[in-house]
Each structure stands twice: as structure tokens, then as C-alpha cells.
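J.: Below, each chain spelled out in residue letters.
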Amino acid sequence: MLALKNWDINLRSREKKTLRSFLLLYAFLTLLILAFVAFLYYGLERDLMLQHQRETLSNLTNEQIAKLKALHINFDKDQTYPRDERFNSAIYDSSLKQIFSTLKAKKVNLYEDIYLKNNHIYFIKELESYYLGARYIVIEVPEPSSWDKKVLRKLLGYGALIFTVLVVIGYFLLNLLLRPMKDTIALLDRFIKDTTHELNTPVNAILNNIEMIDEQSLDESLLKKIRRITIASKTISNLYDDLTYLVLSHQILSQDVEVDLKVLIEERLEYFSLLFESKKIELFTELAEGVVLTIDRKKMAKLIDNILSNAIKYNKIGGTIHIKLTQHEIEIKDSGRGIEKSKINQVFERYSRFDRSVGGFGIGLSIVASIAKEYNLQIKIDSILSQGTTVRISW
Amino acid sequence: MVKIALYCILLTSFIYAKTGVYEKNCIPCHEDMAVKIDKFFYRYLLKYSSEVEVKNAIKSYLKNPKAENSILVDGLINRFGVKKKTTLNDEQLQEALDTYWDQYQVFDKLK
Chain A
1 MLALKNWDIN
11 LRSREKKTLR
21 SFLLLYAFLT
31 LLILAFVAFL
41 YYGLERDLML
51 QHQRETLSNL
61 TNEQIAKLKA
71 LHINFDKDQT
81 YPRDERFNSA
91 IYDSSLKQIF
101 STLKAKKVNL
111 YEDIYLKNNH
121 IYFIKELESY
131 YLGARYIVIE
141 VPEPSSWDKK
151 VLRKLLGYGA
161 LIFTVLVVIG
171 YFLLNLLLRP
181 MKDTIALLDR
191 FIKDTTHELN
201 TPVNAILNNI
211 EMIDEQSLDE
221 SLLKKIRRIT
231 IASKTISNLY
241 DDLTYLVLSH
251 QILSQDVEVD
261 LKVLIEERLE
271 YFSLLFESKK
281 IELFTELAEG
291 VVLTIDRKKM
301 AKLIDNILSN
311 AIKYNKIGGT
321 IHIKLTQHEI
331 EIKDSGRGIE
341 KSKINQVFER
351 YSRFDRSVGG
361 FGIGLSIVAS
371 IAKEYNLQIK
381 IDSILSQGTT
391 VRISW
Chain B
1 MVKIALYCIL
11 LTSFIYAKTG
21 VYEKNCIPCH
31 EDMAVKIDKF
41 FYRYLLKYSS
51 EVEVKNAIKS
61 YLKNPKAENS
71 ILVDGLINRF
81 GVKKKTTLND
91 EQLQEALDTY
101 WDQYQVFDKL
111 K
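So the protein lines, in turn, are chains A and B. Residue numbers for the first sequence, in the numbering used here: 1 to 395. Residue numbers for the second sequence, in the numbering used here: 1 to 111.
Okay, chain B solo, but in the shape it has when bound:
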């Protein structure tokens, strides 16, 4: 009985997780890339420092992706190219960014 309940909880959380904007719209493509998604985060952090600035920078890139405002070095841009413009609305984008920030921010992780 306990086992069944445990499975149910796990399953629910899994389904719930998969329904997040970030998990549905960002992870699938990034999963297959040679450069993992966390590396992008730390590159942004390196350049923009604070939460607000990092989120703004990613948001403005996703809305209008160009080689000039990309965080990637030229070599990688040349190799992989620039992504397509986002189809997410502002609210969804914000939600995805919040999830992304919470997952990789360093504040709580440093010890």
C-alpha cells in the first residue's frame, strides 16, 4: 500500500514537472546539444552578474536572437548557428526563466 502511494506521488510530481514551461520548451532541445544548458547559465552569470540582469539578458536574446547579442563565442555560433525566435509569450518566458534561475543560481549552493 505504502509502495503504491509512493509511486503515485512520484508519478504526479513527474507529470507536474513535465508540465512546466521550462521543462517543456527549453530542456528538449538543450538536452541534445553538445554544450549543456547549465554552461549557458554560468556564461550569463559571468557577464551579467545579478538575477535581474541575467534574466533580462536571456529574455531579450530569446525574443530577438542575433549573433551579436548571443552569449556564445564566435566559434560556437558559427558551428551551431543562432536559435529561432521564441514562441512563448512574456508570462511563459518569465516562468521559464524563473525556473532556470532557481535551478542554477549559486546563492544557496555555495558552502
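One chain only, chain A, in its complex shape:
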């Protein structure tokens, strides 16, 4: 399906923004939940490890208490605090004042029972008899090596797995969310494609036959009618071209040649001359000689046609159109109704229409944008409501 193949091109920028926001939010929430679970799991593993250490630490503490007892009894003879290479320790009195410490940590939380801090396990025990006035004894040992590495490895492994699963689910969710939108675009594209096929032959038949009529042999009234038919047919033909371009643009290969823009613009003005006449639009041109671009002639003509046709379509009866060609710019200025400032950015989106009083599909400027993008042309639109719009194409 065409729309599905090109959906990233076809999706409007606002929809793309919504998609991006959705993806970001989804990823953020997923990571947040995973981080929370990981945090809980890590806490559990840490507590489990501390529980395993508790018995050993309790035994070490008892040994230290026995030594403190001996020191307490013989304090008048020896005042050396008992040290052990397996652990560091400290004693605190009942007002939590430190009596003596060989700990690396400066501050210890005596209200805890056992805890982990800065890669050391702290085990706190309250003494039954306060040897040397010590009510609390703290034992400090290094944490078992690489216990957290094991946990982190596990967490990363499972985390990545769950995240992948959630991302896959997110992808399906996104597709589910996008399906109605994609279907609508596909439907519209298919409709245009079918309509286009049916339009081609009759329009060509009408135009060819009008060309074959000898205008000299017609009376004034019939000539007027024939001209109206010509305008109407050209409008349909133009629309046909647009639709073909839209539907088949990705299959059309560009044939870049050197195009003299003055010649091209004059040719297109000639093509639209009847339309100018019918709306009594006054045309002012200021076209520089010898401005040449290497570009696909049909595409450039399409680009100019679309801007001109908008300038005519949205112009008032008896309005003006100024066309100026310089070495680096084409400027087309009309005296039409103008576009609201806030909507100027949306005019290049496909099917975007602000004024339903005149006909159209809202595809003209979207085609202009895609051609401009292909050839790296800058388009600038300045518009003042009910005064007119100026379109500048520069390169």
C-alpha cells in the first residue's frame, strides 16, 4: 500500500510530534517502572546479604566484648584498646558519645541494627554490661567482594530483557494506535489514484478538440463559451497533473535539464492567461533575462503552476498579481485574502485547507514543498490578512 510505504513522508508534522511524544513517554515510563523494581530488588538482595553476615558479625562482636570485659577489669594495668585485623570497631556510651574508635567511618548510625555504607557493613550491638562505659559497640567489616556485581549483572540482564519485551509491546501498541490514521490516508490515496485514472482520457479529449476548433469561424458568444470550457478543462487538467504527481511522485524519475526560468514563467502565464482574464486580474511582471536552473522542467512548471493557481484562486475579482524574477529568487505577490499568521506553517501539509469557499484538495502547496525539498529551494511565505500573500522561492 502506497500510504503504508510512505507513511513517514505522508504523516503530518503534528502527528509525527504526537508519535515522538508517545514514544518518549512510553520509554520514560517503562524505564521508570524498571528502575523502581530494580531498586526494590537491589534492596532485597542487600538485606539478604546482610542477613547472611549477621551471625558471623555477632560472633565477632561477642569476641570483642569479651576483650573489652578483660580490659575493663585490668584497666589500671593496661589501657590498650583491643584491635583485630578482621574488623574495625568502636564503642559509644549511653549518651552516644564516642569512647574509642578504630572505624574508617566518622559517623555511625547507632539506631540501626545492621547496614551497608561505603562498601562496609556496620553491625551495631547494645551491651548488657557497659564495659568501660560502652553501651553500644559497632563492628565494621568490608562488604563481601563483588556481591553487588552479581546483583547488578542479574539486574542488567533481566532489565534489558524486560525492556526489550516492553519495547516490542510498545511497537505493536503504536501500530494499533496508528492503524486508523494509516487506513484513512491509504483510503484517500487510493481514491485519488482511482479518480485520476478516470479523469485523464476525457480531459485530454476535451482539450484536444477545443484546440482543433477554428476560432475565426465562431461568433462572439460561442467563442466566449468555448473559452470558458477551455478554462474549466485546464483547471481539471491541472488538478489531474497534481494528483498524478502526488500519487506517483515516488515513481517519477527526475530529468534535470537547464531551464530558462523567464521562458518557463512566460509559458505558464500564457497557460493561465484565460484564468487571469476571467477574474480580471491585472498582471505585473518583472523578469530578469538568463536566469537558468538545473531542474526537472515538469516539476518546476508544477511548482510555478501551483503558486500561480493559488494566487489566482484566492485573489479578488479585479485584483493584481506581481511576478518578479531575479538571479536568486522568484517572487509572486497577490492581492488576495491572505493567510492567518498562525496557519502559515501548516499550508504545506497535505489536505490542509483553510478556505473552503473555493475548490481544491489542499495538495497544491504540499507538492510545492516536496519539489522544493528535492531541489533544495527555500520557500518563504509572507501574508497579511485581506491584503495579500507574497511567496518567495529562492535558491
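Hints are computed from structural coordinates only; laboratory data are not their basis.
Among the chain A residues that face chain B by a calculated CB cut under 10 angstroms, a handful are:
hint, residue
1, Gln-79
2, Thr-80
3, Tyr-81
4, Ser-94
5, Leu-96
6, Gln-98
7, Leu-127
8, Leu-132
All C-beta atoms in this analysis are idealised placements derived from N, C-alpha and C, irrespective of residue type, glycine included.
Given chain A's structure and the hints, the job is docking chain B onto it.
T.: Chain B only, in chain A's frame:
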């Protein structure tokens, strides 16, 4: 000359020391006892831990000595009995206790 000065300093410090409440009111009796005064301190420390609590416990015992609130084991109480109530006022008592604590506390002594 130096020697005389040294003696003077020693003598002064000796007289000064003897004038302390603790030295005048506590040491004389405890000196003659079988259980030395530091043993009492460590017993208090063993039971009351912090400076404030140790001092409070000794103070309350000295003000109102009874067998029930004594730090000594029953055997020693039976043998030596309970001391008489203190005649020192609160201020003196506090001074004596501060000297006693400073002399035997373990904070600076542990190494």
C-alpha cells in the same frame, strides 16, 4: 635557686591539691578501705555508662545512701555496711564528682 623554686611549686601544688573537695572529703576514708576508690568508679561505669548518668547515680547515692541503691554486691554491703549521708552541699558534691570523673574516665586514657 632553681631547686628552691621547684620545691615551692611542688609545695604549692600539693597544698592546692589537698584543698580540693574530693581530696579532702573522699580520699581520706577510701584510702583505708580494702576496695580502692577506682574500683567503685569502674563499677559505676559498668552500670551507668555515660558521664551524666554516672555522676547522677553517685550523687543520688551519696545524698541518700541505702543498700538498695548501692553499687556494691550484697556480700560487701553486709561486710562493710552502708556509708553515712553526705554533709557536702550540691556545689561541693558536684565539684568532687567532677574531679573523680576526670581522674578515672576512660576517654583520654584508651590508646
